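A.B. asks: What follows is each chain in one-letter form.
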Amino acid sequence: MSENSTLAHHFDSYAQQKESASLGMWVFISQEIMFFGGLFLAYTIYRWRFPEAFAYSSNELDIGLGLFNTIVLIGSSLTMALAVRNAALGEKNGTVRNLILTMLLGSVFLVVKGFEYAHKWQHHLIPGPNFQFSGPDPVHAQLFFVLYFSMTGLHALHMIVGLGILAWLTAQAAKGRFTPENHNYVEGVGLYWHFVDIIWIFLFPLLYLFGRHHLT
Amino acid sequence: MTSQHESAPALPEKHYLSGAWSPQDWLLTKDHKRIGILYLVGISIFFALGGLMAVLIRMELATPSGDLMPADVYNRVFTMHGVLMVFFFLIPSIPAVLGNFLLPIMIGAKDLAFPKINLLSWYIYMIGGAMTFYGLLVGGIDTGWTFYTPLSSGYATGPVLTVAVGVFIAGFSSILTGLNFIVTIHRMRAPGLTWFRLPLFVWGHYATSIIQILGTPVVAITILLVGAERLFHIGVFDPKIGGDPILFQHLFWFYSHPAVYIMILPSMGVVSEIIAAFSRKKVFGYKFVAFASIGIAVLGFLVWGHHMFTSGQSLYAGAVFSFITMLVAVPSAIKVFNWTATLYKGAIAWDTPLLYALGFIGLFTIGGLTGVMLGTLGFDLHVHDTYFVVAHFHYVMVGGAILGFLGGLHYWWPKITGKLYNEFWSKISAGIIFIGFNLTFFPQFILGYLGMPRRYHSYPEEFQVLNILSSAGASILGIGFVIPVIYLLASLANKRYAGNNPWGAVGLEWQIPSPPPTENFETPPVVTDEPYTYPQPDEKEAPVGV
Numbered sequence: 001m002s003e004n005s006t007l008a009h010h011f012d013s014y015a016q017q018k019e020s021a022s023l024g025m026w027v028f029i030s031q032e033i034m035f036f037g038g039l040f041l042a043y044t045i046y047r048w049r050f051p052e053a054f055a056y057s058s059n060e061l062d063i064g065l066g067l068f069n070t071i072v073l074i075g076s077s078l079t080m081a082l083a084v085r086n087a088a089l090g091e092k093n094g095t096v097r098n099l100i101l102t103m104l105l106g107s108v109f110l111v112v113k114g115f116e117y118a119h120k121w122q123h124h125l126i127p128g129p130n131f132q133f134s135g136p137d138p139v140h141a142q143l144f145f146v147l148y149f150s151m152t153g154l155h156a157l158h159m160i161v162g163l164g165i166l167a168w169l170t171a172q173a174a175k176g177r178f179t180p181e182n183h184n185y186v187e188g189v190g191l192y193w194h195f196v197d198i199i200w201i202f203l204f205p206l207l208y209l210f211g212r213h214h215l216t
Numbered sequence: 001m002t003s004q005h006e007s008a009p010a011l012p013e014k015h016y017l018s019g020a021w022s023p024q025d026w027l028l029t030k031d032h033k034r035i036g037i038l039y040l041v042g043i044s045i046f047f048a049l050g051g052l053m054a055v056l057i058r059m060e061l062a063t064p065s066g067d068l069m070p071a072d073v074y075n076r077v078f079t080m081h082g083v084l085m086v087f088f089f090l091i092p093s094i095p096a097v098l099g100n101f102l103l104p105i106m107i108g109a110k111d112l113a114f115p116k117i118n119l120l121s122w123y124i125y126m127i128g129g130a131m132t133f134y135g136l137l138v139g140g141i142d143t144g145w146t147f148y149t150p151l152s153s154g155y156a157t158g159p160v161l162t163v164a165v166g167v168f169i170a171g172f173s174s175i176l177t178g179l180n181f182i183v184t185i186h187r188m189r190a191p192g193l194t195w196f197r198l199p200l201f202v203w204g205h206y207a208t209s210i211i212q213i214l215g216t217p218v219v220a221i222t223i224l225l226v227g228a229e230r231l232f233h234i235g236v237f238d239p240k241i242g243g244d245p246i247l248f249q250h251l252f253w254f255y256s257h258p259a260v261y262i263m264i265l266p267s268m269g270v271v272s273e274i275i276a277a278f279s280r281k282k283v284f285g286y287k288f289v290a291f292a293s294i295g296i297a298v299l300g301f302l303v304w305g306h307h308m309f310t311s312g313q314s315l316y317a318g319a320v321f322s323f324i325t326m327l328v329a330v331p332s333a334i335k336v337f338n339w340t341a342t343l344y345k346g347a348i349a350w351d352t353p354l355l356y357a358l359g360f361i362g363l364f365t366i367g368g369l370t371g372v373m374l375g376t377l378g379f380d381l382h383v384h385d386t387y388f389v390v391a392h393f394h395y396v397m398v399g400g401a402i403l404g405f406l407g408g409l410h411y412w413w414p415k416i417t418g419k420l421y422n423e424f425w426s427k428i429s430a431g432i433i434f435i436g437f438n439l440t441f442f443p444q445f446i447l448g449y450l451g452m453p454r455r456y457h458s459y460p461e462e463f464q465v466l467n468i469l470s471s472a473g474a475s476i477l478g479i480g481f482v483i484p485v486i487y488l489l490a491s492l493a494n495k496r497y498a499g500n501n502p503w504g505a506v507g508l509e510w511q512i513p514s515p516p517p518t519e520n521f522e523t524p525p526v527v528t529d530e531p532y533t534y535p536q537p538d539e540k541e542a543p544v545g546v
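Protein sequences, first through last, are from chains A and B. By the count of this note's numbering, the first sequence reaches residue 216 at its end, each step adding exactly one. By the count of this note's numbering, the second sequence reaches residue 546 at its end, each step adding exactly one.
To be clear, the hints were calculated from the coordinates, so they are not data collected in a lab. Careful, some of the hints might be misleading.
[Said to hold, decoys possible] Listed next, the in silico DSBU-like pairs over lysine-lysine satisfying Cα-Cα at most 35 Å (straight line):
1) B:14 x A:18
2) B:30 x B:345
3) B:495 x A:92
[Said to hold, decoys possible] Where chain B lies over chain A, by a calculated footprint (3+ residues, C-beta under 8 Å):
4) 21 to 31
5) 37 to 48
6) 141 to 147
Small disclaimer: the values here were computed from a predicted structure and weren't measured. Glycine is no exception: its CB is placed at the ideal position from the N, C-alpha and C atoms.
Chain B extracted, bound-state conformation (with noise of 0.2 Å):
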């Protein structure tokens, strides 16, 4: 917008980063704008990690024959990237950072309703970290991300317990990011933000943290089992005594289908406010958006059983979660098609955020209607643990969760910073990612329907040329994934300051100073309108009055 860089802001004098910079200033604070930033360092470290994890798997996956690492060093260093990926760094992602950020600003508040159990999150994550990483650095783990039992429980090798026990612990963090959310979006609301004012942002808050407190500790004592199992060669899932593996994955995927759309929520989100903010328009049929959230959320808790076709449930039981499954695609295309709507004679901006919104659109629609796929029987009893199924997850968890990440970070970063970074360099590297992205894993839906099966080390040499694009992909996408980290942080340094409001944008977090003050704001705001009050032209030029 280069209208508001002609009157060169300045960076306010007082904010909640230009306060004490002492360690315990930073380890003990208790601003939601410092945890956010804590979060941020923490998911970077893990996202490096399981990146590194994935780059050792694309260099495995060149050549037809296993060459590079033995078959369980492969296992390790799949399990490791998924575990890393998903508890780590996907499910925090959005929420513990950007939400954590925003969503007290957004609604008017000083702070979350619970400051300290705010920090005392990130130390829980940090701790969970802390013991995976451990459990990596002795050999990791060859179960899978998903300890499927009896494998996870008597007969995987390795620190199955301290990863477990690790993971057990991270869960808590996320649900008490959840328990605080759900307090402050009820209890914290300025005056007159009623809830059909609230940004679409924290609509997808909401529903992701129920699944966080409902899901969370389903999955939290599940592993607590497994983990009882291996210590004391007994347990639940236990068939030498009559326990069934397969209630083990009944009870992680009740947790584990809900957990893709902790992930997805938050990212939809952002996407809502980008679409908006650089359409220049109200986010069409804005209810139909937000309930769509909450639709996905309860209609999430029902479909657990669609990763279980294969493992002789019932017909009858698949077939209904073969059903509800395909429900799922409504809300989910509710929102597609509103954010297509919404940009229909909007007034575009093509900044470097509302690329990352059209390429969530387009690479989630591609995940999103595979999964419907999927989600049909007799389709998956094909494809069943293959790569087309790799490919489906990451179309929505890269393409869709990590760009809807990306983008509220490049969004949201002259707020957070006060700074603008390059923009010739965000555009490249938001096209570099895209291609890349696409590059790594379309091929992968077309290796899984000829029946390349998923986690192993070596293929049959027909593979070899979707395979080489795959890594070819990688190597791209791990490019565009650096870029962003260099102009990033080298925008710290910059001079030129973003001003509260680069964008243009409406909503409360753009009328206060960037970076914002400790307490937010000097006035508590009252809010008169709905979200997403944008002046159309033809209004401008509408007589006053009539």
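This is chain A alone, in the form it adopts within the complex (with noise of 0.2 Å):
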């Protein structure tokens, strides 16, 4: 085996080493699915058990920041994709500039997060004892919102993630670390960049866009 290589001494095969990596990230996945699992299962009972209450709450949401958001992540999940598709052809410029770009789409989630936040702030929907809600059944409408910041906080939190692991990637993609058979850890963060995506693609409607058509 030579200096360079960057088959692991364990594995037999770049093949062997590409699959064991990619289902490695899947079982990761798995296991993800089931931790925000726990979020959606309160969600789900406590939206059927309040629907008044979630409705006129999930009025409060911005819907225009909302769908601007969930664009730029589907955006991040495209750029992210080429890059993956960038490393495998072995274009390293390619690669780099994609992983970037894909940076810049999180980051401007990540700010407009912010501002929905502090201007959740402003309008007192922060749970706790300065909560003020105008709509029916104020005393639930809190229960909305804890787990509004709790799903989209942790989803917040895996896009920081995210982005640190992103940065960490592109200077070794810089480095010219990646190749055709070897680009493991591209496609790994590629999956879980799409998981993250998913996990809005989820928390959108069921957040934002619930109940709309007959309050209104």
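Build the complex: two chains, separate frames, hints provided.
C.D. replies: Dropping the structure here:
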């Protein structure tokens, strides 16, 4: 085995190494789904129990910003997918460029999310003693906002971790560490990034879009 | 096996322990075998701490009045006993020590698929353990190991957040171990090693890993939500805003019931290996035993509601959970019957590992059958939250999981260290543990049936005789746990080497030197046969080629 070989000592072939890395990421994503699953279950139960409070609370969210962020995040998934393809073809510059674009779009998402949180703060929609809600059933509306902040907060945390990993990945790509035989890290991070994207695809309709048509 | 001892085997010149021994060679090792040893040190520390808590509990309960410690301190002691034993000993015990060490060898691989993640999991485990230990030092918590809301989120005093975060962190070590095992079993098997040629130890760990991957994250998010609720004084389980504390119980037991199978399935894998090796036979009904592991893992996810028969869940839900709970008895019984059938007409060798395996079968059967009793709605309402429940799960956890762990440790100790332990003392201590265990916990079945509730530091005087029996048994059990520590450590100084295969067992791990070389196999093995192909007496006599 040569000095520069990227085949780890305990694997027999690049194919085995690649399959292992990919399966490992899928197994990791399975546990992530169960991790978010607890929150989705809580959301389902409480929405079913307090439909009115949840519908009116949902109306407090900014659908425009939510939609904008959804498009931004889908765009970042596109650039991520392109980066994986660049890496598979051994195109170093393309990989770096698309990874940087992915980071930029991810950062835009987080900045917009920050503005949304600030807006909730100004309107006293943070659960707790200062919570004020003009709609019906203000007590249970707090439950919606606890879930809103838990779910989007956990999602944002995954984005922040993802951005950190992307920064490291970009540095590695710039050093030319990835080859057509072994770009498993790019693929793995790509899977992770798409997973975080998909979580948002579920969060957006559940939190922003529901119950609008028969309230206004 | 006396025949093997005669040839006076020599220790191999180079093996995984013979390399460098500086701190970073251990603390930064990526060798699954050394990481297994690191885990062994970790779980031993937490077992000792948890055991110390058990000593305090049994001392307090020797007398009816709460004279040794106030109720508040007693609550902290039994909580810390549960937290340490469940999350920091039982769950990592067999997978992270024996599984880590043996699984790659049993499938003919050089290492686990992700050696760095394996090392990371140990650090995560130790950080979680350190936080919990810190929580213990500053006074401990009194929520019970179950962290039920709203007690844990709003009313309990003490470092609840620290311990909860410690458990949360340790959970990820369990997830990473499971992830590593699943990928390793899928992708790293030696040529010819098909799924139905895998040792049952590997099947047990595969089933365990599935639970670790799908169950642990649910309790992780649940604990996170409890922590957030405690921190911000508002949360999803908070009844003041319409939150439901029962939802916590559902989420908690969705993990914590399957977690019981995280503890017992690897133990069952160990027992399958031992029974085959010491009866010189194929495991009877191999596929049934293998699929029983998967069956237990799957059914285990569908029975959590039997912890909540009295919590106010609907009667219909209770009935369904009760029914599915009965179903778990089927794959469990398949295993017990098949082990018994394997022993039948086997060439039994009464070595220490077999003593533990036989102890496991008996005690697990009692633990399992009382589990069926508890799974029955009507009976559970009578004994809910009594010592009957305590006795039941200790029969499964101590009589099952720990006996399996000790059996496995004794079986593979010569492989891990290259040394043989003292046979006399190992048999004596196996007997002491069996007697001490039964004396400790059998009286608790009676106490619970008579109505003694769990988690109180005082009790009516009519319960004292049985409690003294239990405390006396605990002392014997404690001695039984100390003796192996002494003779196992003493064996390291032993000049007599165990040889590659002191038991004359089959399996890839016995074909390589003891202790194994760092890369496990000099040449990659090719597997051509089913597991447990022990030569049978009648086969030997049969003329070749017929």
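A.B. asks: If you test the structure against every hint from before, which numbers come out violated?
C.D. replies: Hints 2 and 3 contradicted; others consistent.
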